[in-house]
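Keeping the supplied structure of chain A fixed, place chain B upon it in accordance with the hints.
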Amino acid sequence: MAVLDLSGITKRYGEVTAVDEVSLTIEDGEFVTLLGPSGCGKTTILRMIAGFIAPDAGTLRIGGAEARHIPVNKRRTAMCFQSYALFPHMSVRENIRFGLRMQRLPKPEQEARIAAVTDMVGLTGLEARRPAELSGGQQQRVALARAVATHPDVLLFDEPLSNLDAKLREHVRVEIRDLQRRLGITSVYVTHDQAEALMISDRIVVMNNGRIEQIGDPETIYRRPRNAFVANFIGVANIVPAHRNGSAALATGVGLLTLPETHDLPQGQSLVCWRPEEMVPWHDQMPNRIAGTVRQAIFMGNLVDVFIDVDGVPLRAQVTGDTAIRAGQPIALSVPPDRIHVLEPN
Amino acid sequence: MRRPSLSAAIVLMLPGAGFIALFLAAALGMSLLQSVGYYNMTGPSGFSLQYWGKVFSSQVWDSFVYSVWIGTASAFGTLVLAYPLALFLRRRTPWNAFMNTLLRVPLFMPALVAAFILVNIMDYNGLINGTLVGLGLIEKPVRMLRNEWGAIVILIQIWKNVPFQLLIIASVVQTIRTDIEEAAYNLGAGRFEVFRHILLPLSMPGIMIAVVLVFIGAFGDFAINTIAGPTYPPPLAVLMVTSANLMQEWNFAACIGVLIMAVSIVFVFLYTRLARAIQEAEA
Chain A
1 MAVLDLSGIT
11 KRYGEVTAVD
21 EVSLTIEDGE
31 FVTLLGPSGC
41 GKTTILRMIA
51 GFIAPDAGTL
61 RIGGAEARHI
71 PVNKRRTAMC
81 FQSYALFPHM
91 SVRENIRFGL
101 RMQRLPKPEQ
111 EARIAAVTDM
121 VGLTGLEARR
131 PAELSGGQQQ
141 RVALARAVAT
151 HPDVLLFDEP
161 LSNLDAKLRE
171 HVRVEIRDLQ
181 RRLGITSVYV
191 THDQAEALMI
201 SDRIVVMNNG
211 RIEQIGDPET
221 IYRRPRNAFV
231 ANFIGVANIV
241 PAHRNGSAAL
251 ATGVGLLTLP
261 ETHDLPQGQS
271 LVCWRPEEMV
281 PWHDQMPNRI
291 AGTVRQAIFM
301 GNLVDVFIDV
311 DGVPLRAQVT
321 GDTAIRAGQP
331 IALSVPPDRI
341 HVLEPN
Chain B
347 MRRPSLSAAI
357 VLMLPGAGFI
367 ALFLAAALGM
377 SLLQSVGYYN
387 MTGPSGFSLQ
397 YWGKVFSSQV
407 WDSFVYSVWI
417 GTASAFGTLV
427 LAYPLALFLR
437 RRTPWNAFMN
447 TLLRVPLFMP
457 ALVAAFILVN
467 IMDYNGLING
477 TLVGLGLIEK
487 PVRMLRNEWG
497 AIVILIQIWK
507 NVPFQLLIIA
517 SVVQTIRTDI
527 EEAAYNLGAG
537 RFEVFRHILL
547 PLSMPGIMIA
557 VVLVFIGAFG
567 DFAINTIAGP
577 TYPPPLAVLM
587 VTSANLMQEW
597 NFAACIGVLI
607 MAVSIVFVFL
617 YTRLARAIQE
627 AEA
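Chains as they are written, first to last, in our numbering: chain A, 1 to 346; chain B, 347 to 629.
For reference, chain A alone in the conformation it holds in the complex (with noise of 0.2 Å):
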């Protein structure tokens, strides 16, 4: 258990700047996502914490201790690989007892953790077990009782979901969360699936391009994204170009707007955004109308999704309640003022 320190962390690979100035620090017992697309520089990072790369610039710290250092085997990192990299010639047991072994804990120590961990991951049973007798989800498991085994300062995790089906995932998901709050390992997650990360994280890192554009607790980063990165990644957002010209709202291409914060505002042109969810049927004295024609309006059991033309502009709304919205008919619809959320320049 440790705060990691990330400052100024710099990795290029000839002309390619891989991770750009990074710096962040993540809090005892957190449970941090990296978020971002592929070759954002999020995989890159947690390898320089474990120790598998070094950085070309910038100061790590793990616990307070400058790492650059130390090599992987003497950091108190353990990683959850993508593909979990379990030793295929050594059983369940085995696999768990090598950290405690290269730890030369006494047998009995050694015998008495790996009971704890296949208990907790529910692997009691499967001891005997080769990684090929054992499924996909099992064999994760096997990969994070064995990361847990050896007590890690911080816990790391590459991609651990993408090979298991969609339905086990939010299983292991959930067990993972639950196995970390109980632990309380700090722990660093990276994913490119922006659902996993609002769901599993305590706070997010959103990357591109080597860079941190954004960190905050999910519902920050989903509510408030920083600029138009953020929220396209992270779920459907709507994006139109806004201009302050003196007045106390913002004209836009789908009508004047106002925000509770409008006179905060800086004058000339910006971006507003407004999740989809957040658009609901106009009525009477309701600010914010926005008139357009439905395109498409689709069907989705607790919400009907619309996709809306007005006046040349796409925009999208999920309206719950209303099934009697079809293509082609007028719509109107308002956003509360406070769900318009500026954005700053990408």
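Source of the hints: derived by calculation from the structure; they are not laboratory data. A few of these clues could be false.
[Said to hold, decoys possible] DEER-style ranges, computed between Cβ atoms:
id	chain 1	residue 1	chain 2	residue 2	range
1	B	Val488	A	Val16	30 to 38 Å
2	A	Thr25	B	Phe541	34 to 42 Å
3	A	Thr25	B	Leu559	44 to 52 Å
4	A	Thr25	B	Pro452	56 to 64 Å
5	A	Pro37	B	Phe541	33 to 41 Å
6	A	Gly63	B	Arg622	39 to 47 Å
7	A	Pro37	B	Leu559	33 to 41 Å
8	A	Val16	B	Leu370	55 to 63 Å
9	B	Phe541	A	Ala112	24 to 32 Å
10	A	Val16	B	Arg450	33 to 41 Å
11	B	Glu494	A	Gly14	54 to 62 Å
12	B	Pro452	A	Asp56	17 to 25 Å
For clarity, every value in this text was computed on a predicted model and none was experimentally measured. Note that beta-carbon positions come from the ideal geometry of N, C-alpha and C, so glycine has one too.
Relative to chain A, chain B alone:
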């Protein structure tokens, strides 16, 4: 798809399996029979153990020990060079690709030709002795050829077989995924422990086959032994050929043939057991 019937399966397997069965089983059977007196080419045929009696003489024992030594030393001597190379050449760099090509050259050379080339270098009046004497480092040439330990034979075997073993072991070593190695380091293993607990056990199937194949080849080798081997004891294969061709003792030659095959089979069996025991020890 309908499963082929048993008769169809037999018909399909017959050309391949039949060819092997006919010539292997027939040849083995005939050798066995010949070693106990049947199929005698130079005298009356009939059951007799006199040829096997001759096998258990001191001269054949010396040949046997020599050939086992050559087989073992060649197999493990080659391994000592080939395995580190296979581990080293795992990373795919342009330099490694070039090394790989260069290292395979001996594979494309017949053993006899290779032996001749290397003998020229190591002969009494060869390149090495010539250079050493010329430089005044030694007074007179050193005898390297035809010594009773077969030093040059082993050297030629190693030279010839390193690429062969490399080919076999590399194909296995390259299937060891790097993330497995990384996981071991991550769990606290040092370089030696990664080698001892991960790389070595996972390379075992390749090492096993490579060692067995080189042993069998070197144990029963004729070509290199005739050129660089000792006059006494005659290597088993040389003894077998001279018995048959020079002495016309075909039944005795058959005994030695059976002996060579028996040793090969026993060696394969023991080695397989040993390799399995090493693998099991990790689980």
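Original post:
Which of the listed hints are not met by the structure?
Top reply: 1, 3, 7 and 12
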